[in-house]
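Trainee: These protein sequence lines map, in sequence, to chains U and E. Under UniProt numbering, think of the first position of the first sequence as 1, with each following residue one higher. Under UniProt numbering, think of the first position of the second sequence as 1, with each following residue one higher.
Hint data in this document are derived by calculation from the structure and do not stem from the laboratory. Hints are not guaranteed to be accurate.
To be verified - Beta-carbon label-pair distances, calculated as ranges:
hint	chain 1	residue 1	chain 2	residue 2	range
1	E	Ser157	U	Gly79	50 to 60 angstroms
2	U	Pro201	E	Ser157	39 to 49 angstroms
3	E	Arg66	U	Arg77	56 to 66 angstroms
4	E	Gln25	U	Gly291	48 to 58 angstroms
5	E	Ala126	U	Gly22	39 to 49 angstroms
6	U	Leu230	E	Ala338	36 to 46 angstroms
7	U	His10	E	Ser221	31 to 41 angstroms
8	E	Gly119	U	Ala257	38 to 48 angstroms
9	E	Ala175	U	Ala278	25 to 35 angstroms
10	U	Arg108	E	Ser221	51 to 61 angstroms
11	U	Glu110	E	Leu462	35 to 45 angstroms
12	U	Pro201	E	Arg310	51 to 61 angstroms
13	U	Ala12	E	Lys325	43 to 53 angstroms
Predicted model only: the values in this text are computed from it and were never measured. Idealized CB from N, CA, C, for every residue including glycine.
The residues making up each chain are set out below.
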Amino acid sequence: MPAPQCASCHKARAALRRPRSGQALCTNCFCAAFEAEVLHTVVAGRLLPPGAVVAVGASGGKDSTVLAHVLRELAPRLGISLHLVAVDEGIGGYRDAALAAVRRQAARWELPLTVVAYADLFGSWTMDAVARSTAGSGRSRSCCTFCGVLRRRALEEGARRVGATHVVTGHNADDMAETVLMNFLRGDAGRLARGGGLGSPGEGGALPRCRPLQLASQKEVVLYAHFRRLDYFSEECVYAPEAFRGHARDLLKLLEAARPSAVLDLVHSAERLALAPAARPPPPGACSRCGALASRALCQACALLEGLNRGRPRLAIGKGRRGLDEEGPPGRRGSHSRPDPRLRSPSPASRDSSSPLGSDDDVGVRGRL
Amino acid sequence: MCEVGDDYREPAPAGPPPPRPCREQKCVKCKEGLPVVVIRAGDAFCRDCFKVFYVHKFRAVLGKNRLIFPGEKVLLAWSGGPSSSSMLWQVLEGLSQDSAKRLRFVPGVVFADEGAACGQSPEDRAKTLAEVKLVLQTVGFPWHIVALEEVFSLPPSVLRCSAREPVGTEGAYKAAVDSFLQQHHALGEEKQSRPCPQHPQGRAGLPTASQTEALSRLFNSVKTLTAKEELLQTLRTHLILHVARTHGYSKVMTGDSCTRLAVKLMTSLALGRGAFLAWDTGFSDERHGDVVVVRPMREHTLKEVAFYNRLFAVPSVFTPAVDTKAPEKASIHRLMEAFILRLQAQFPSTVSTVYRTSEKLVKAPRDGCAAGSPGPRCLLCMCVLDVDTADSATAFGAQTSSQLPQTQPPVAEAEAPTVSRCRSGMGRAQHCCRMEEDDPRARVIEQLCYGCRVNMKDLPSLDPLPPYILAEAQLRSQRYCPLCRGGRGRLGGVLLGLGSQRAASPGPRLSRRSRSVCRRPTRTGHGLARPQRSRKARMGGWPVITHLYK
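Extracted from the complex, chain E is given alone in its bound form (with noise of 0.2 angstroms):
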């Protein structure tokens, strides 16, 4: 393959597969055993040595992160599959007694039933639901069973980003390894075996037939196998964020493979997230801010994977998934699958060489304006807004200004597109922001990345969207602009106050701030403060809204 830093030296193999290990051929490591799988492109490992280079690869991960401290709540988040399984296996056997330095923390194990998306009868769903059971018990740790239709009961605080504490430093991590190590010692061996098999906390029982119909509903409504998936990503995020941070847990493990990370890079790629690849291909994923989301497996090839669980007899629960028996061309992410499994077979090193690309990422904006406030907010992914003005000369650009008028070439410099976002610096407070507010499609739009805006092309009504996404949406847009980042403006928020219905959010309490924006007329029971009016106001001398703007 015409790589980078390609080595020349010898002619590639043209078409035969490398030579089987014969007879002879022993172990690459132990030279003494009889090899059983072959790793990367050509070692042959024998079992064990290939069971040392297994759990060495997921230990050093971890370890090499410092990330998880000793005695913190970390959730697996465990899907069934074969990665999802090893991890869960890996944690199993890295927590009993009997292994050499053992892991330190406290697990928990959460499943999220998607049956309701992927369209499967209750009946199919129950069978899944009772060998997952089974296979928990086995296990052993605390765990969760959830089903994708409680996302239509989360609240709206699933999708603001907690303020966490500062990761701690390589002393940090290190003082608190030995404060535990002190305290092991002290408790004493017993009281800190594995952790006490608790009653199972799943969910009390079965969800309700109208919250299953919804969701389909939802799902059905979606028109591209694409913008499905995302979807069922971003709810499937959005549940067991909130899981987590409901029991305690500061950490969520995902199992995903290398393989399954090189194909979710260049899916991204293709989506229009590139701003986003380091939180979504990396190893620690913080956009959420106290939960913070790790990905140990990612140095384990799919065919590793694959073999562990059948030389050691993992056990997994097939379930099925959104684009299960799809085509090939379905979706973005099937072709990318395809294509790059395809070029692997061709040229080997296709996904350590997307793999490797991907370390070199590193989270920050491209043109270094990191310090600061990084600025507002996807709504769905939580990541940093990465749109442009909607006239500048890039993609994003190229793909608003489209909707030009195109009767003649607009003069150099475009001026008044007919749909218009926030126009920072305009200087006509009236304008700012209030475009969007006839639409409320428009203002969940704007409050998206790009990748998002793009998936939801394809939802032709936010109706069946989850009420906390609406409702979150529209307390945003009520707070501020995206765009210019400011505060809506004093006429603004007149213009804001004056019929539009907002619907009661439960739960959260809005801050002082929100709340003296709020100009709605105010029904008891509501907790929302009537605006403050000046002295002079109360005396009708000065219009009400003088001193409440900044």
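If we strip away everything but chain U, and leave its shape as in the complex, we get (with noise of 0.2 angstroms):
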């Protein structure tokens, strides 16, 4: 049966059904109104202030592709600069693919590109190298903390460098309804407290950061993507499989066959959540180390890092933490030198009552960003 005519403009053939109302689109008007909304987000939220120069945290995926388009087509009208910020973790056979990805895409839409690695950044801890050295403890490597953690940090240095005022990143929908379900079956009451809006203002030196996409749904970023012909890199970082994120991904699939607004009703949920103070996490002051945005004496970057350099990397993770007050040898950051990681032991357990992990950075964000 021949598909029905475009809702909006009665002329072409419609191309889709938009997930969250049903309404048949035909592809410019599909994209047009996509791009209205991603522009009613930004305004409304009050996100992008014009005169904003703006660092894209772009991975090569989907969604950074198409945020970088969106956000290209809309700065005229927002009266904004764009620049290009990717991250190389360091995962070989799959982010240097993506980095080429990066890349192309800068060339065609002419904006300035920067590239920050964690060789460069965190004393040679590639990703790579750290899934060695969390690999073998039994139960999951758990190397995507590492990975959030580290990146969220790589991409504010590389903010900096280009001189921005806010940081933007792809997340959307789906993204904050796995990680509201992640976190409360985790327990992480801290990261409940503070999730559920549309970025973080950027408190004490942060940059502000923003997530545009954040109510439009996977399926759409992917048909925009095809619709406009964006060139991306779609495959799945090779330490996905292990990530908890898995189980909630799973989840929020089987929950949008059930009820196709389900992704939408959780991002609601997550906006109205209502912690008690005492879940909440600290006001934030500033690390020890590095000055960046910290919860506690040391950012969740410095920490972890600590707990690579002295070969112990659960160090920082969960109850082990309490073990970083014991200082180890001075002048650890930017060390060269990697340390055996068959010397890596278990943290000492000291019974702390559990602390919400971290001071500003979301973990297990998705495997590739």
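Since each chain comes alone in its own frame, lean on the hints to assemble the complex.
Mentor: Here you go:
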């Protein structure tokens, strides 16, 4: 049976039905609607004021590609300028291919590109090295924990290098829904209290971050990229199957099949969660080592690196965080000597009251940005 | 599991389950008895220690939250299932003479017969009812059996939150307990024994066939199983609330166990009820005002309940539910249940983690605007509305703004969406609340919270709904607009009055203010006063509505 007419222009044949409303739209109308909604999110949420220099976290994947494309279209109207910042985590066989896609995009769109590598910033700790170091601990490697935190730091660093005033990332509604499910299943009340908004306003020196695609569902992002024929890198990170987020993602797919609006319902729930004041994270201060935003003496990135450098990668994760208060040998930051992975020993178990992980970064973000 | 605060001391056991207690192992508590059940992750209890542990948990939950005052009338909502049967049995044993530190409230039992909603035949329903009556006679508390069909005769006052006296402070609770004990000694033991078994206060007879048919029609018109389950839960809550109010019960106890509450929490998240998690899954739920719903079984896992029922022969009655034999992917509730139970098998701390997180939730709006009046309440679930304006940068705004015309991308400030609700602060009084007057469905929808709105999408027509819901919706829409939270404008009031057919609402007398708002030409016997005309208006010089509206 032939496709129905587009519901808005009534001229062309419809190419899809929008997941959230069931409206049949042709390609041009859908793309226009998508861009209009992103614009509306940015304007209504007052995310990017005119004159902002925006650093777009570009990974080469579909979300950041669509984000960069849409922002580029909307840049004249919003009065912003864009820079692409790509992070090289050092995952062989995956990240180099993705970076090639980013370079192509930058060339095509004529946007300035900056690549920030873990190897430069974090003292030769690439993700492959981290994965080797955390392997063999019995449970999952949790190298995604490291990747998420360190990538945030790298993105921030890259944004500073280009002189940006705002950082945007391509998280879509599905990501936010998975995050809230995951945080409940993990019992992470701190992150639940912090999440749900459209981004963080940027306290204490950190750049304001936002997620303009937050209310767009993943299906629509993929369709937009398809209709606009955007060139992106679509493979999964090699470490992704081990992330806990996989459970939440499977659940979300099933929920979406049972009820199509489940994704936005979860985002709405996340926006409206009310947690006890005691469960919320403490007001942030500054890290004693690098000066970045931190809830405790050391920011999470420095804490993780400290753990890696000492040969005890679990040091900064969970209850073992107490062990950080014992000072290791000074001058560890930026050291080039990698400790022997075989020396990795479990962290000392001090029965701390469970404290929320991390200072300002999302753990277990998608395997790739 | 990548749990926050997880202790990575030793590598977790990868595959094989922990070893079963072998013959030499003794109960971890008394170190003497032979263990019969393993609680948590490896604590083996013998039969007596398990009973003590179980009973102690029940008492501790009640004692910790000092909500149930001595001598208070408490209604036990019994569904026949294992958790509520266990709760019933605990109350029975707790009230008996020979238990140390008796429980001190006056119980009653209510059983809601939902056979019509589940499509049971009348013979099966009668059989179930016979079994139910048998159990209730054994228990001996005053009982009430209500059929779900009775929702069709509920008054709209069920949906109103009655003010209640402020909850007692710590001192008040202690004072109440002391005075009760003094009374107890004064009157002597015999009088204060188990509540005298009264005549069963069940209902007169079976519901009429037309009511059963109306109920079946309602449930058959719902498109998805998720919405059916939510609707059933809502109607059941209203029914039990009505029974409690009619017979003077101030508390209702439900038998939700820890596992069920964890599943319920995740399901509520997925249904968009994140704002109300503390009410839906907390120990006490005071949204109805005078009747407080209490969940004393919330720290017992389903495994403990099942083993207790088996070891101590607690009677229960199997009643099929709406989702019995439904496939796993049929509804959000089933999906979540399967997911959590599967994850629990893999990571045994899942349920307790979710439960611990639920304890950190508070009953407050997120923005902290709790001071002052909380705002309008949802028509069905009676929680404070959690919707935003139609164009906000939130998930709600995204779903409503999808109605915007798509031909061109709208300019930065989206103006005049085609379907508009009341736009507060727009300054156009004549459009205030006007749009939805033409559409009774929109009128009901705007009074619902986000979660209930999503459920209503699966109900194509609102006609099969019980009349008390529609009547209350109409009454509320006449009284105020939920979004601008103010009275109807002057002109809006005039527009309202013309030509709108208001169903005769039996029962509650209208307040004086709403009486003055009603501009319908009154009929005799309606009980509504004619609008008062000012002296000048009577003399014909001024419009009639001058002094009526604030």
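Trainee: For the pair Leu230 of chain U and Ala338 of chain E, does the Cβ-Cβ distance stay inside 36 to 46 angstroms?
Mentor: Distance hint for Leu230 of chain U, Ala338 of chain E holds at roughly 37 angstroms.
Trainee: Quick one: are Arg66 of chain E and Arg77 of chain U within 56 to 66 angstroms, going by C-beta?
Mentor: Check passed, 59 angstroms falls within 56 to 66 angstroms.
Trainee: Just tell me: holds or violated, for the beta carbon distance of His10 of chain U and Ser221 of chain E against 31 to 41 angstroms?
Mentor: Because 32 angstroms falls inside the window, the suggested range holds.
Trainee: Please check whether Arg108 of chain U and Ser221 of chain E have a Cβ separation lying inside 51 to 61 angstroms.
Mentor: For Ser221 of chain E against Arg108 of chain U, whose Cβ atoms are near 53 angstroms apart, the range 51 to 61 angstroms holds.
Trainee: Between the beta carbons of Ala175 of chain E and Ala278 of chain U, is the distance compatible with 25 to 35 angstroms?
Mentor: Cβ of Ala175 of chain E to Cβ of Ala278 of chain U: about 30 angstroms, so the range 25 to 35 angstroms holds.
Trainee: Should the hint that Gln25 of chain E and Gly291 of chain U are 48 to 58 angstroms apart at their CB atoms be regarded as holding?
Mentor: 55 angstroms, holds
Trainee: If you check the beta carbons of Ala12 of chain U and Lys325 of chain E, does the distance land in 43 to 53 angstroms?
Mentor: Cβ of Ala12 of chain U to Cβ of Lys325 of chain E: about 46 angstroms, so the range 43 to 53 angstroms holds.
Trainee: Using the C-beta atoms of Gly119 of chain E and Ala257 of chain U, is the stated range 38 to 48 angstroms upheld?
Mentor: 25 angstroms, violated
Trainee: Indicate whether the distance between the beta carbons of Glu110 of chain U and Leu462 of chain E respects the range 35 to 45 angstroms.
Mentor: 55 angstroms, violated
Trainee: Are Pro201 of chain U and Arg310 of chain E spaced within 51 to 61 angstroms by their CB atoms?
Mentor: Cβ of Pro201 of chain U to Cβ of Arg310 of chain E: about 55 angstroms, so the range 51 to 61 angstroms holds.
Trainee: Is 39 to 49 angstroms right for how far apart the beta carbons of Pro201 of chain U and Ser157 of chain E are?
Mentor: 46 angstroms, holds
Trainee: Ala126 of chain E and Gly22 of chain U, beta-carbon distance inside 39 to 49 angstroms?
Mentor: 44 angstroms, holds
Checked against the numbered hints above, the structure breaks hints 8 and 11 and satisfies the rest.
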